[in-house]
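Asker: Given next are the chains, with one letter for each unit.
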Amino acid sequence: MNKLLNFFGNLGFALRSKLYRLGAGTRLFFLTLIYSADSFKRIHLTIREIYYTGVLSLVIIVVSAFFVGMVLGLQGYYTLEKYGSSEAIGVLVALALVRELGPVVTALLFAGRAGTAITAEIGLMKATEQLSAMEMMAVSPIARIIAPRFWAGMISMPILATIFSMVGILGGYFIAVLVIGVDEGAFWSQMQANVDFSNDIIDGAIKSVVFGFACTIIALFEGFDAPPTAEGVSRATTRTVVISSLTVLGLDFILTSFMFV
Amino acid sequence: MERAKIDIWVGILVALGIAALFALATKVGNLTSNDIRETYTVLAHFENIGGLKPRAPIKGAGVVVGRVKTIVFDTEAYHAVVELDIDKRYVFPKDTFANIYTSGLLGEQYIGLEAGGDEKNLLAGDLITHTQDAVVLEKLISQFLYSKASEEE
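Protein sequences appear in the order of chains F and U. Take the first sequence: its position 242, counted from the start at 1, is 242 in the numbering used here, and no numbers get skipped. Take the second sequence: its position 91, counted from the start at 1, is 91 in the numbering used here, and no numbers get skipped.
Pulled out of the complex, with its shape left as it was, chain F reads as follows:
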């Protein structure tokens, strides 16, 4: 009897804490929106955060994009060659990158590179009572800390995803045309004939905006909600990566099923 009560108790507690986190995260998002005006009035705060989340992520984005593009070029070539249509390699690389891999891999790297930094920074600020100190000085920590980071993430992520797609295509070009020797004209012209600006490129950009929103708000909330201890901050950082990655992959499936009918 006691075990049964325990089971229901645990179940209820799990649901209640999940619901609490969902609600608190949504509340944080709306508070961020309300205090957003400050982050544009004092634009240097936002630009500083774009530097930390966007510019410092640039190296990892460019390097991984180039390797992803090269792998796509190689693997695509091996398969397409069997059907005698190795010129279609340009289409394959471009569509795979612009539609899927650009936004998704960028978001995963972004969560690992920038999201963890945001969570750890805010968690540590909370642990060392810097956030409370701000409130004591009548400075809203949401306006001063959260909102600039939110907008920085929202701005950086689509830029990084666009750069990722383009560098990846250059990586595919490097392998397919310069190394293997696929005809250059066919590589680009087949790509142009089959990649649609409004359907493929814009839809990829919409994906990257959605992923940027998800990764940033998750990282911010986990940091803001972290227990103010060393262990709490480390757990929050781990959760940021796990939840962001799963959210990005889940959202990707939903968005894809809506977009490319």
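For the record, the hints were derived by calculation from the structure and aren't laboratory data. Note that CB positions come from ideal geometry on N, CA and C, so glycine has one too. Be aware that a few hints might be false.
Unchecked claim - FRET-style restraints, in silico, Cβ to Cβ:
| no. | chain 1 | residue 1 | chain 2 | residue 2 | range |
| --- | --- | --- | --- | --- | --- |
| 1 | F | 82 | U | 18 | 35 to 41 Å |
| 2 | F | 242 | U | 139 | 57 to 63 Å |
| 3 | F | 186 | U | 26 | 16 to 22 Å |
| 4 | U | 101 | F | 213 | 45 to 51 Å |
To be verified - Residues from chain U shown here face chain F by an in silico Cβ test under 8 Å; the list is partial:
| no. | residue |
| --- | --- |
| 5 | 3 |
| 6 | 10 |
| 7 | 21 |
Dock chain U against the given chain F, drawing on the hints supplied.
Answerer: For chain U alone, coordinates are given in the frame of chain F:
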């Protein structure tokens, strides 16, 4: 000093992003090749359109001169009515042939226009009377088989 440096780096990031988007739009996507702007619409009737789809290219001597606008089924005459959007720069005689071709063996289908000898030109809303349907592979095979069978008798 510190702040100016950060501004420069963020500026570089934004410029790179815009350059990448521009390259995607022009080099990878079809934003530049879509230069058909002002068009006039003519109609054509087909008994069978095969796999023709809206936005399929219309070609004259292999050059893309327009795109298919809509395809509807006429329930009174039981044929397909295809609206063709043709670029204003190109004019065709009234007795132009509209044929449905396939690019390559398994490629997409397009409409090929072959100019006739009429002195009057096609105007917006006109009907192309000379049309040739898409080749349906099954029909072709069955015709071939029947002719073979009749030869042997």
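Asker: Please go over all the hints and tell whether each is borne out by the structure.
Answerer: Verification of the supplied hints:
1. F:82 - U:18: 35 to 41 Å: Given a distance of about 39 Å, which is inside 35 to 41 Å, the answer is holds.
2. F:242 - U:139: 57 to 63 Å: 58 Å, holds
3. F:186 - U:26: 16 to 22 Å: 18 Å Cβ-Cβ, so the 16 to 22 Å window holds.
4. U:101 - F:213: 45 to 51 Å: 47 Å, holds
5. 3: Since the shortest Cβ distance to chain F is 6 Å, the answer is holds.
6. 10: For residue 10 (chain U), the interface hint holds, since the closest Cβ of chain F sits about 5 Å away, which is under 8 Å.
7. 21: 5 Å, holds
Consistency with the previously given hints is maintained throughout, with no hint failing.
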